[in-house]
Amino acid sequence: MFFYLLLALFLLIISCIIYLVFLVQYYHIFFKRQGIATLPLSSYLYGHFTILWNAERFSEQLCQWTKQYGSIYGLVAGTRPVYIVSDVSFLQEVFITQFSKFQSRHVPLLTHILGQDRLHVFASSGDQWRRHRRILISAFSSVKLQKMSSKIDECVKTFVHLSKNGDINIFPRLKQFTLDVICRCAFDVETEVQGNSSNIWLQKVMEIFVRDFDRTPLAMLNRFLPGFGRFWAFLFHIFRTIGLITTPANLWIIENAKDLVNERLLQYQKHQNDDNCKDVLQLLIKAAAADPEKAQLSLKELLSHVFVIMVSGFDSPSTVLAYCLHTLANRIDLQEKLYKEILINSHSNENTVDDLSKHDLSKYIYLDAFINEVLRMNPTAVQFVNRQCTQDTEVQGYKIPKGSLVQADVYTIHYDSTLWGPLPTDEFHLERHMTKRHPLALLAFGAGPRQCLGLRFAFGRLEVIH
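Residues 0 to 465 (numbering that gives the first Met the number 0) make up the sequence shown, in order.
Please note: incorrect hints may appear among the correct ones.
[Said to hold, decoys possible] Listed next, the in silico DSS-like pairs over lysine-lysine satisfying Cα-Cα at most 27 Å (straight line):
1) Lys269 / Lys257
2) Lys150 / Lys203
3) Lys156 / Lys336
4) Lys257 / Lys150
5) Lys100 / Lys398
6) Lys269 / Lys299
7) Lys339 / Lys435
8) Lys100 / Lys146
9) Lys257 / Lys299
10) Lys269 / Lys203
11) Lys150 / Lys362
12) Lys203 / Lys156
13) Lys146 / Lys156
14) Lys143 / Lys66
15) Lys269 / Lys285
16) Lys146 / Lys66
17) Lys150 / Lys339
18) Lys100 / Lys401
19) Lys299 / Lys203
20) Lys100 / Lys31
21) Lys163 / Lys150
22) Lys336 / Lys203
23) Lys299 / Lys285
24) Lys336 / Lys163
25) Lys66 / Lys150
26) Lys339 / Lys156
27) Lys398 / Lys31
28) Lys285 / Lys143
29) Lys336 / Lys362
30) Lys156 / Lys362
31) Lys435 / Lys362
32) Lys398 / Lys435
33) Lys31 / Lys150
34) Lys156 / Lys143
35) Lys146 / Lys31
36) Lys339 / Lys163
Just so you know, these hints were derived from the structure itself, not from any lab.
Put together the whole structure using the sequences plus the hints.
Right, here's the structure in full:
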């Protein structure tokens, strides 16, 4: 009996390997038949998965391949065809025109682990995503962001005060600053994280990026075999239960946010008639605290949104701020130009500059252009600028099968002289943003309905600190 079980298992493994090899070969030939360039297969079993995964820098690797294979080429990442695209017209059709067929992103293992009832706006799709998006758009409206500006200003003052004494490593301080801002503005929590590197929330958020959960064996299997996502999540729960896997920081944040949410939920129940939503969490709680049949957001979804708001508002903004300050430190002319604009628009004198949070930031044309140029030259989180096809379709004559991934080559687009000329694209010129460009020439925050919902909030933080 045991022999037959082993034989059955052996035959199952062999069948899976044959199936995988077939799929890799099929999609490799599929690209060639459409006239789409593709790399030679690095493995008959993994396709191009290993070479892409082991690349030192994802964005630079795509740039190198684009120079060799053109603006549209294909990769076979495990069992999934991936279109690498730097043609903005193609991307405009994917991200905007045919959005109904490209509503979702790559589904990471954490999404399967959370389950459908605990998804957040970044991971959800279809009607669930539209519901999440509607709630969060109102949370990040211009009116509500203006109410948060004083809190951002308090964080800036703390940052400046702690940065006065001698030389400092600015990057860790910026990470503390961005977490402080997101906790105060989104959750109305004073963490005192600035100057306190031992803060447990800071450590856990940083752990997400240091110990990349997407590089764990099960997460890699999910990328390689996305069709088995629920099975990998099932294995994760088993391994975690028996102690083979420790709780990743992602889940730690979601699970430990319960106390914060429960406390605020009690406060809301005492003051239900107060329509003055002072932060994002209060708006989310209001959506979750409605009658169960009318609730716009479940409590499980609310906890996941606390996580995604905290994490998305932490890493990329701190990195962009670091690039901004580095650029200003090396360009005195830019400092003077921005400073003069602030003096003019804030009606201040050279000795006292009013808080920028009190003014209409839309008037700061050079400041806006400066931040856009920093984002153009130093885009972050470029691997997330992708869309997953949800039904078979065609884009510019190319067949895109359901389940395929369209990945934007952001760096190539941002340094394309036809999009950003005539000034040299490898040089910093904020003036280039005074000219109207293609709507998808700048992809720092994505594009279309699924672009970053915190775009206005992110720009507000970047502008106020300057």
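Hints versus structure:
no.: 1; hint: Lys269 / Lys257; in the structure: holds, 18 Å
no.: 2; hint: Lys150 / Lys203; in the structure: holds, 23 Å
no.: 3; hint: Lys156 / Lys336; in the structure: holds, 23 Å
no.: 4; hint: Lys257 / Lys150; in the structure: holds, 24 Å
no.: 5; hint: Lys100 / Lys398; in the structure: holds, 13 Å
no.: 6; hint: Lys269 / Lys299; in the structure: holds, 21 Å
no.: 7; hint: Lys339 / Lys435; in the structure: holds, 24 Å
no.: 8; hint: Lys100 / Lys146; in the structure: violated, 37 Å
no.: 9; hint: Lys257 / Lys299; in the structure: holds, 9 Å
no.: 10; hint: Lys269 / Lys203; in the structure: violated, 32 Å
no.: 11; hint: Lys150 / Lys362; in the structure: holds, 21 Å
no.: 12; hint: Lys203 / Lys156; in the structure: holds, 25 Å
no.: 13; hint: Lys146 / Lys156; in the structure: holds, 17 Å
no.: 14; hint: Lys143 / Lys66; in the structure: violated, 44 Å
no.: 15; hint: Lys269 / Lys285; in the structure: holds, 12 Å
no.: 16; hint: Lys146 / Lys66; in the structure: violated, 47 Å
no.: 17; hint: Lys150 / Lys339; in the structure: holds, 25 Å
no.: 18; hint: Lys100 / Lys401; in the structure: holds, 9 Å
no.: 19; hint: Lys299 / Lys203; in the structure: holds, 20 Å
no.: 20; hint: Lys100 / Lys31; in the structure: holds, 23 Å
no.: 21; hint: Lys163 / Lys150; in the structure: holds, 21 Å
no.: 22; hint: Lys336 / Lys203; in the structure: violated, 39 Å
no.: 23; hint: Lys299 / Lys285; in the structure: holds, 14 Å
no.: 24; hint: Lys336 / Lys163; in the structure: holds, 24 Å
no.: 25; hint: Lys66 / Lys150; in the structure: violated, 46 Å
no.: 26; hint: Lys339 / Lys156; in the structure: holds, 21 Å
no.: 27; hint: Lys398 / Lys31; in the structure: holds, 12 Å
no.: 28; hint: Lys285 / Lys143; in the structure: holds, 15 Å
no.: 29; hint: Lys336 / Lys362; in the structure: holds, 14 Å
no.: 30; hint: Lys156 / Lys362; in the structure: holds, 23 Å
no.: 31; hint: Lys435 / Lys362; in the structure: holds, 17 Å
no.: 32; hint: Lys398 / Lys435; in the structure: violated, 32 Å
no.: 33; hint: Lys31 / Lys150; in the structure: violated, 55 Å
no.: 34; hint: Lys156 / Lys143; in the structure: holds, 21 Å
no.: 35; hint: Lys146 / Lys31; in the structure: violated, 54 Å
no.: 36; hint: Lys339 / Lys163; in the structure: holds, 23 Å
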